[in-house]
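Trainee: Sequence:
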Amino acid sequence: MDERTLVRLEFDKIKRRLAAMACSPLGRERAEALRPAADEDTVRRLQEETAEASRFLRVEASFTFSGWHDIREALQRAVQGGILDGLSLYRTGETLATAGKIRSFLAARKAQYPLLHGMSEGIGDFGELARRILGTVLPGGEVQDHASPALAEIRGRLARARAEVKEILDRFVRSPANRKYLQDPIVTVREGRYVVPVKQEYRKQVPGLVHDQSASGATLFVEPLPVVEKNNQVRRLEAAEKREVEKILAELTRRVAASGEEIAAALDALGRLDFVLARGELALRLNAVSPVLSGRASLELRGARHPLIPGRAVPIDIRLGTGFRTLVVTGPNTGGKTVTLKTVGLLVLMAQAGLHVPAESCSLGVFRHVFADIGDEQSIEDSLSTFSSHMRNIIDILARADADSLVLLDELGAGTDPTEGAALGRAVLEALHGRGARTIATTHYAELKEFATSIPGAANASMEFDARTLEPTYRLVIGRPGRSYAFAIAERLGLPPELVARARGYLKPEQVRVEALLRELEQAQGEAARAREEAETLRAEARALKAKYEEQWREFQAKRARLLERAAEEAEAQLRRLRREAEAVIRDLRTRAADEDARARERAIQEARERLRLLEAHRMFPAAAEAAAEAPRDLRPGETVYLPRYGQYGSVVLPARGEEVLVQVGALKVSLPLADVRRVPEGPGAPGAGTTIAALAFRKAAEIVPELDLRGRRVEEGLAEADRYLDDAVVAGLSRVSLIHGKGTGALRSAIHEMLRGDPRVKEFRLGDHTEGGSGVTVVTLKT
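All the letters of the sequence shown, read from the start, carry residue numbers 1 to 784 under the working numbering.
Incorrect hints may appear among the rest.
[Stated by the list, open to error] When the alpha-carbon atoms are kept at most 27 Å apart in a straight line, the in silico DSS-like pairs for lysine-lysine are as follows: (1) K546 to K669; (2) K559 to K546; (3) K180 to K199; (4) K548 to K559; (5) K669 to K559; (6) K559 to K763.
[Said to hold, decoys possible] Label-pair restraints from in silico Cβ distances: (7) T64 to L87: 36 to 42 Å; (8) R562 to H753: 25 to 31 Å; (9) L538 to D41: 41 to 47 Å; (10) F105 to A431: 51 to 57 Å.
Note that these hints are calculated values from the structure, not bench results. Nothing here was measured: the structure is a model prediction, and the numbers come from that model. Ideal placement from N, C-alpha and C gives every residue a C-beta, glycine not left out.
When you get a sec, could you build the whole thing from the sequences and use the hints?
Mentor: Dropping the structure here:
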């Protein structure tokens, strides 16, 4: 990719944002060196890495990638034979320990994050070396006492020697005889030796070595003679300590140098992981998506946003390479044409660099080259005007562009005579179009709008402009050339109307006709867009309602299944009880009718058993037989019918007309095909006859509504009606109902509440909220 194009499209700013999200200098260096790839396999691998990193950061929120350092300089010094200081060694040990933790963390999640795990495999096992370093060196770089037996012994002797010196000097400064010689009764250190502050005039009274004096010269720091030898012993032990520490640091440095290549590889792996996780973090911050690679030089962006525009940028929809390969964008100044070009170019560069793009969806092919001529590049140093700078860029583009190139041209042909500029612009577009390059060009020239209309594979687009407010909407409309709105904008800004009218009069007749046609086209497309938006809104509402009623239907089916199961169990129990009673009757008949004719007696017994068999056969409504029966065509108003598809019973409202019949199911009237309706047979097994629990439950479920209006009832009437209603609600399987008693004097409400408190059917009850009727309604939750 051309470096100037990357700068024009502000890819460098994206790299700086990416670098700021890295945890280490190694990750930041990779971010700053990022460039778009031109190979589809490379782009796909980079995108998969970013997607996995983004998912990792969302799921593993507690994971931290910090705790390691850039130790490349220290490592190089160690490999070259230098001795590392304690702080450098501690940072090395901390880095190796953290690297091991990161490697173990990703190894345990290899299946979830295979790409990140693959990167972590470059981290070797430095557990022993890290433990040795961290067990020897403290965080500040100081070597611990137990780093070696010799160091422990030296430091023990050194501590005792220092204590002896301090003890002698403490006695000296506490002595009343010596106090008058001292500036302050303290013990301090000068040049590594313990001294006391002696007044200048008493120098001879305190024999010893002078190591320093105050700025005024009034105080001398004297090492009294009794502690000189003790201080010498301290210095000898300090030198021995230093030699032992250097020996320990040298041994640790040799161990680090011996693993230099492996540690360098681990640092590289950590830097790569840091860089990939920074890409994932940027994707999350931008609410970006992974582009779908289409395999051909094309792009389709929906809801695309420029990532560097603060606040909520207006998203754009744009496509190129499918249906047309050259797009001419027109419209007024400040309408967003340049931003659209930069958005397309920057998002393509981001995608090919392995970054996710801020859009609702993105599909694109991989472009081998991206060229951009955007902005005012006038150069005083090179004696180039704006037009000359643009032409130099365009000449370079024409020399290199091909069918795998994306070309972005801003204000093509501007900066010179309009007629010549338009002619040059058209020639440039024809050349790029002929080579198959994917081109987006912005312009004000009508000649280029005509080019996009007349050439196959080219299309017009415009930046939408609100003609009423004369404000841009920043939305791109493909398929419609735009107007400049120069006269309207000039008039709104205060240009006298007579001057605007005079200017309009200078337009050629064909220009006036084109302007009128564009205005009518804008109006028609605007109305179509509003109609489309309204249709989308209605479609969304319909989908929401469909989902809502499908959920309610599933709940009803589940409730119906539970009700059927419970009713079947109760019917079976009742049937078993009836059979036992019937068998007892038969035994009694046999006993009492022993003297009757045997044939008549057995005939009576068989008839009784046949009646029992029929009772068992009709204990539930035969839905399967109903479904298999033919559709009835002579249904009468008021007749009860069964709807196999919905598992419901209803009542015929009007006689059948053609192939449909109007049926009332509960409070709902629906027109149904006769094929979906079955006549309910009369007799003891028919639903509605009250012969089975299942039939009763079905009828109640079909007829009952979830609220009962008791307003105007006396207390006794209201309580009786509420009691019956609760029975029906329980049988129908309702879980919550509303009793509307009104506010009034509150007598009916109090009586109902008193009844509900001891009712075994009631789980709980409460007054309604402001959306349910307030204190005029009691909401009852029933036991299920």
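Trainee: Evaluate each hint against the coordinates.
Mentor: Results of checking the hints against the structure:
This hinted pair checks out: K546 and K669 have alpha carbons roughly 19 Å apart, not beyond 27 Å. A distance of roughly 20 Å separates the Cα atoms of K559 and K546; the hinted pair therefore holds under the 27 Å criterion. Straight-line distance between C-alpha atoms of K180 and K199 comes to about 9 Å, which keeps the hinted pair within the 27 Å bound. The suggested pairing of K548 with K559 holds, with an alpha-carbon distance near 17 Å, which does not exceed 27 Å.
With a CA separation close to 22 Å, the supplied pair K669 and K559 stays within the 27 Å bound. With a C-alpha separation of about 18 Å, the suggested pairing of K559 with K763 holds against the 27 Å cut-off. Between T64 and L87 the beta carbons are some 22 Å apart, a value that contradicts the proposed interval 36 to 42 Å. Separation of R562 from H753 is about 29 Å and conforms to the stated range, judged on CB atoms against 25 to 31 Å.
With their beta carbons about 45 Å apart, L538 and D41 fall inside the hinted range of 41 to 47 Å. The beta-carbon spacing between F105 and A431, approximately 56 Å, falls within the hinted interval of 51 to 57 Å.
Violated hint: 7 only; the structure is consistent with all others.
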